[in-house]
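*Asks:* Fit chain L to the given chain B structure using the hints.
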Amino acid sequence: MEEKTIANQNVKLTSEGYLVDPSQWNKEIAIEIAKEEGIDLSDLHFEVLEFLRKTHESGNTLTIRKVGKSGIVDIKGLYKLFPGGPLKYSSKIAGIPKPSSCV
Amino acid sequence: MKRLLIIGGGTAGTMMANKLRKALDKNEWEITIVDKHKTHYYQPGFLFIPFGIYSKDDVQKPKSDFFPTGVKVIYSDVDKIDGENNKVLLQGGQVLKYDFLIIASGAKTNIDETPGLNGKLWKKSIFDFYTIEGAVALSNFFKTWEGGKLVMAISEIPFKCPVAPIEFICLADAYFTKKGIRDKVELSLVTPMSGAFTKPIATKMLSELLSEKNIKVIPDFYIERIDNENKTLVSYDEMEVPFDVLTIVPVNTGDEMIARSGLGDDMNFIPTNMHTLQSDKFENIFVIGDAANIPTSKAGSVAHFAADVLYENLLNAIEGRPLTAKFDGHANCYIETGFGKGALIDFNYETEPLPGTYPLPGIGPFGLLKNTKMNHYGKILFRWIYWHILLKGKELPIEAEMTMAGKKKEYLQ
Chain B
1 MEEKTIANQN VKLTSEGYLV DPSQWNKEIA IEIAKEEGID LSDLHFEVLE
51 FLRKTHESGN TLTIRKVGKS GIVDIKGLYK LFPGGPLKYS SKIAGIPKPS
101 SCV
Chain L
1 MKRLLIIGGG TAGTMMANKL RKALDKNEWE ITIVDKHKTH YYQPGFLFIP
51 FGIYSKDDVQ KPKSDFFPTG VKVIYSDVDK IDGENNKVLL QGGQVLKYDF
101 LIIASGAKTN IDETPGLNGK LWKKSIFDFY TIEGAVALSN FFKTWEGGKL
151 VMAISEIPFK CPVAPIEFIC LADAYFTKKG IRDKVELSLV TPMSGAFTKP
201 IATKMLSELL SEKNIKVIPD FYIERIDNEN KTLVSYDEME VPFDVLTIVP
251 VNTGDEMIAR SGLGDDMNFI PTNMHTLQSD KFENIFVIGD AANIPTSKAG
301 SVAHFAADVL YENLLNAIEG RPLTAKFDGH ANCYIETGFG KGALIDFNYE
351 TEPLPGTYPL PGIGPFGLLK NTKMNHYGKI LFRWIYWHIL LKGKELPIEA
401 EMTMAGKKKE YLQ
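Those sequence lines, one after another, are chains B and L. The numbers in my numbering rise by one with no breaks, and the one at position 57 of the first sequence is 57. The numbers in my numbering rise by one with no breaks, and the one at position 20 of the second sequence is 20.
Bound conformation, chain L alone:
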């Protein structure tokens, strides 16, 4: 029996298990998936919890609901990967040998990387919405908050779902408007990037949108520490931003197990070939999703498009063929903008987000870099698609490779 091992049963790992169980002969290949947690979270839904749009139950289901039959599942922490000897050591002492390994261990928030974040204000006046606990705590806090300075801050790049802070601040604008206290709430977005977004055309569109909503953007602000006494963010070049409530994206890093295995870079992300998805260090290790260091968004859509490429390349590798499938860094993100509207961006390594229509040229129904009701419906519908189609590894009528059809090329320089 040959062995395929998948570390991580989140979005990427679950999709790969579903695709590969269908493709690989059950008498020839044993597939095992290892994960330390039993609950699958629909992470894009966390954003809606602080504003009472989703509850906890809307975003969680047992992971076991999504694993195919014929796949062995082990719930355990991984001690380390021994790439030289093709084996993985689990924390309980169990050893798993593999012929091929897929690492899909994701990225997580790390509150100890920023001095003062894990201090006395944490979960009292400082919150995150990248964990279920943080999102729920913030939802309870907002119910009775009477106004003041609300700061949404990004600690470091890269981080999961790069549009989420923009969505958060837009949804906060809508939430406090409906509550009738928008005039008592000052909203700002603090970012280490040089604008609301980095690519010029999308930045222009999003900056205009934020400015219409009276949301201040404070760019080039690189957080050194948080002063709990004076309730201020302090940057490395000694600028200060005061807050009454701070919502923060903590520094994102890969899993500690990656460091223990000697496989990560200084942020614990795994050096990975951006086109083939093979790890730089071992030929029989592939990396998918947020765990990889590839220069695209850390987002479910990226994992979804990458899954098609990894599927092909893994079968290539098993058969000893060259890795002919090439990932283009394709990402597709709905941006919830509040008041029942949304925007959409579609891009890859080479092409920045452009205006146009998606997925059908000239028809849509979604508008790229446009703020429409239809885009919002897309985002809302997506949760159903995620649970019922995407995780199960079923086909969606969207190509993995980004297409220029429907995009307005005249915006390119």
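Chain B with its partners taken away, still in its complex shape:
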């Protein structure tokens, strides 16, 4: 765990750069984390982030397929928004834990 200042706010991060406490998240922090991953956030990005946060809050496990069925983007669209590892990166930017995919 490490402490870091992002967008003028002190936050706790895991060793992989995920917010320890999702309630410390705000849009400015999202924009900063996204920049580090080389992503410029659009409104559509934020819609996905809100969906992720809501789903996480309700205690449900997230999968790429679930986001693809959200009605916001399809899976291909999600890959375009967050290339490489869409759920990994979008979760990081949404301030929720790294998807653990319930092993």
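Because the hints were derived from the structure by calculation, they are not lab data. Treat each hint with caution, since some may be false.
Simulated pairs of lysine to any residue, SDA-like, Cα-Cα distance not exceeding 25 Å [unchecked claim]:
#	chain 1	residue 1	chain 2	residue 2
1	B	K69	L	E256
2	B	K98	L	P295
3	B	K69	L	M239
4	L	K26	L	E133
5	B	K66	L	T109
6	B	K54	L	D266
7	B	K88	L	D265
8	L	K392	L	D308
9	L	K231	L	D308
10	L	K199	B	R65
11	L	K36	L	L121
12	B	K76	L	M239
*Replies:* Relative to the frame of chain B, chain L by itself:
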């Protein structure tokens, strides 16, 4: 007469029937179990069939052998559960009323979720080992296969027995080595996860093991479709992995009956309280095993540990007491690694798999996150334990709740 109904006579449902028949007064409670299939499969044994270690007969017995006397058994498909009116409609038109319902309808593979999977290569060059038919077909195929690219791919998470693909690829390494053609076989593991496993400490151990065996891991690969013409896996971000033989874990979903009942999420798993095992929607419906959406492994060991909690909470609910038993997500998995060795992991919702000894601190006899012969014996012995002790709902000398004793805490961050 009060009625307890159990849907599903697999590992979880059978254990619950055995435990509850002993606990509930026969003059007061009627217990009924409904299942559409008459054969009980020892699913962990499917893994060994492709390599000729087990045959079909080693993994199947009649379900009726394991149901206790005094339980009514109905072999029928369920049309739907009507939770509002406390009844279950069977496909033949029969209606079963219940005071309490336990859903243990499991998870199954769904080959139609991935375009190109149910195509011309299915069961010719593409196989699964999550069904008895698939495992036997693969066993016949391997007998005469002369080598090439063998790809083990995972379609989606969650899926039953998350360590099985790792075991499969390790056993393939051993099998082709013994056959003398390992140099002609290229082995890779394709996964949508970011590594061989998701939790960091276990991933490190397993990645090293796979790399020692010259097995390539292709992470973050999310299968969109299978190109039958070019024999390639294609991901959503347009990466491609060619194969000569593909062994796949198809997308896992809950039973269609769950969707018909309006009880499932988008994968047909049932939203369930991860601690009490009560369904989110109805107070008198409980869910156990792979059918639940709880964030732990879909595995027999999880169902086994959860059974102790559900047993207590169901008795609590019947007596109108609060649901005080709490499930911790405990899972315990043997990982067969080939050449007569195995590894073992033990973990729960909160604690990732750690190195150590199990079940006795410092003694074992099993080594956690270690590759040992003893762990392999544990896995082999387990089939006997499963048929004779576990399904019958008898006590094993292992606590349902995960313990930190024997685990090396210094590995935690």
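*Asks:* Each hint: holds or not?
*Replies:* Now the hints, each set against the structure:
1. Using a Cα cut-off of 25 Å, the hinted pair K69 of chain B and E256 of chain L holds, with the two alpha carbons roughly 18 Å apart.
2. For the suggested pair K98 of chain B and P295 of chain L, the alpha carbons sit about 14 Å apart, so the restraint of at most 25 Å is met.
3. With a CA separation close to 22 Å, the supplied pair K69 of chain B and M239 of chain L stays within the 25 Å bound.
4. This hinted pair does not check out: K26 of chain L and E133 of chain L have alpha carbons roughly 39 Å apart, beyond 25 Å.
5. For the suggested pair K66 of chain B and T109 of chain L, the alpha carbons sit about 17 Å apart, so the restraint of at most 25 Å is met.
6. Proximity of K54 of chain B to D266 of chain L is assessed by CA-CA distance (about 16 Å); at most 25 Å being required, the pair is judged to hold.
7. The straight-line distance between the Cα atoms of K88 of chain B and D265 of chain L is roughly 22 Å, inside the 25 Å bound, and the hint therefore holds.
8. The straight-line distance between the Cα atoms of K392 of chain L and D308 of chain L is roughly 13 Å, inside the 25 Å bound, and the hint therefore holds.
9. The straight-line distance between the Cα atoms of K231 of chain L and D308 of chain L is roughly 46 Å, outside the 25 Å bound, and the hint therefore fails.
10. Of the supplied pair hints, the one linking K199 of chain L and R65 of chain B holds, its CA atoms being roughly 21 Å apart against a limit of 25 Å.
11. Taking the CA atoms of K36 of chain L and L121 of chain L, the gap is about 29 Å. The hint is violated against a cut of 25 Å.
12. For the hint linking K76 of chain B to M239 of chain L, the alpha-carbon distance of about 12 Å falls within 25 Å, and the restraint holds.
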